[in-house]
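Enquirer: Assemble chain D onto chain L, guided by the hints.
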Amino acid sequence: MQIVEIDRLSYAYSGNLVLSNISFTIDEGDILGIIGPNGAGKTTLFSCMLGLRDDYTGTIKILGEDIKKKNSQVFKSIGYIPQRKTVDQNFPATVEEIVSLGISVMGKASKEKIDLALEAVGLLAQKDRRVGELSGGQQQRVLIAKAMVNDPKLLILDEPATGIDLEMQNKFYSLLKMLNQENKITIIWASHDLDAVNRLATSVACINRSMFFHGKAYEFFENPDLLKAYSESSMQAHMHLHNHIHGG
Amino acid sequence: MQRALIAGISVAITSSVIGLFLVLRRNSLFGDALSHAAFGGIAIGLATNIYPLWTGLTLSILGALGITKLRQSAKIPSDATVAILLSSGLALGILLISISGGFTLDLFSFLFGSIMLVSVEDTLAILAMTGTILSIIILLYRQLMYITFDEEQARVSGLPISKLNYLFIILASVSVIVSMRLVGILLVSSLLVIPSVTALLFNKGFKKTALISVSISVFSVVTGIAISYTANLAPAGTIVLVSTTVFLTILAARHYSKKKKIVKKLEEARS
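Chains as they are written, first to last, in the working numbering: chain L, 100 to 347; chain D, 68 to 338.
Simulated from the structure, these hints should not be mistaken for laboratory data.
Heads up, incomplete: computed chain L residues facing chain D, CB under 10 Å, no partners named:
#, residue
1, N189
2, T193
3, E195
4, N249
5, I255
From a predicted model like this one, the values you see are computed outputs, not experimental measurements.
Cβ coordinates follow ideal geometry from the N, Cα and C atoms, glycine included.
So that you can see chain L by itself, here it is in the shape it has in the complex:
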């Protein structure tokens, strides 16, 4: 069954084409690694998929429903972890309270559901601690627990391991693998970490405003020409960004 179907998605902002003619599908149970340099449009792609932007062309279907129809049942089936930003250290909320936010709007904040989600991410013992007191890696796991508590079918993560130490990153990726294999959750995950994507992902999509590659992970990582072309395109994108920032 196809969980996500994206057909000829294009998006422009202030006259700049950010995404051009992106098309791909994701099957149930897949782990799709989305890779691309900074400015490639990964976050914009997620914004369109999550219904945060409506002014794109093309179609995005999740669980068979067009996202523009704003079907709340579809959104309840999606768990989303944004790019890692430090949780406000002073926000007065315990781990349990943050995870309870993930319970769907009309659902009761069931202690059982919350405890199960916290156990899955290894934070049950921390549930009464303030979120601001936790390490970066632990805070990301809290956000995963929050995303998990509604039993999502699809988990979307936008560079979730940025700024986390290596040991925590490995624990984090093991957790994603476990969620995929045991809970049968489809995962879409944007990352700069090619090594992690190679180890974890079943399929890969490379974007740099347009679709560079989409297919099985081994087809990408075992093809030196593709890897070289990806590195060159990343370098070009980096130089373009550098010139844009420094007026070169």
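Expert: Below, chain D alone, put in the same frame as chain L:
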């Protein structure tokens, strides 16, 4: 005195809860903006012989909704929109007062509060309004907390963000109007902000912080009314000064406690 305490306690409870959300949204001065917009509305009421609280409430809500819409569509910074609403409301009020012949006793009671003069009908109206605000907040506190914590994630989860934000603004406006009877237009924002900021010093979770904020607010109001009654002082100023004293005391205690912990850790490290 009894009516003053009942009305004061119910206002203290709702303003501290609303104030906690305002402080966490980095909108501490929004209460000031709402009260100054209400001032413009009250001046309209006094000039036209329409019940001033209704005109005050109407202008406060309309002004706040308009400014929120402007902020979203024209991408104007939040603090600038607060300044626009605050100064426009105040200017309208001053203009109408100058036309109608200057300050009156009625206007003074709105500016500086008049809790000791609250009638039975006023008390019942305050109880009804604060009861409604509190019920809605308790019903929707998780959704409001989600929006306050991370509006983008709340939007992704399917929450109707715009509707909830507009509802919150209306609740805040009503809270400001009822708070005006207690501390007046000029000191409303202190009743909203000080108990919440003090509660945040305790570093607890959300529910406990809200309870602490309510406790501090009720304590300040009851103590302030009691002192002002005994010593024949202005209730509004006394309440706010009690609240400020509590804040400074907790701040000092926290600072002292932190220092003590550091010294203890250093001694343990040396030994």
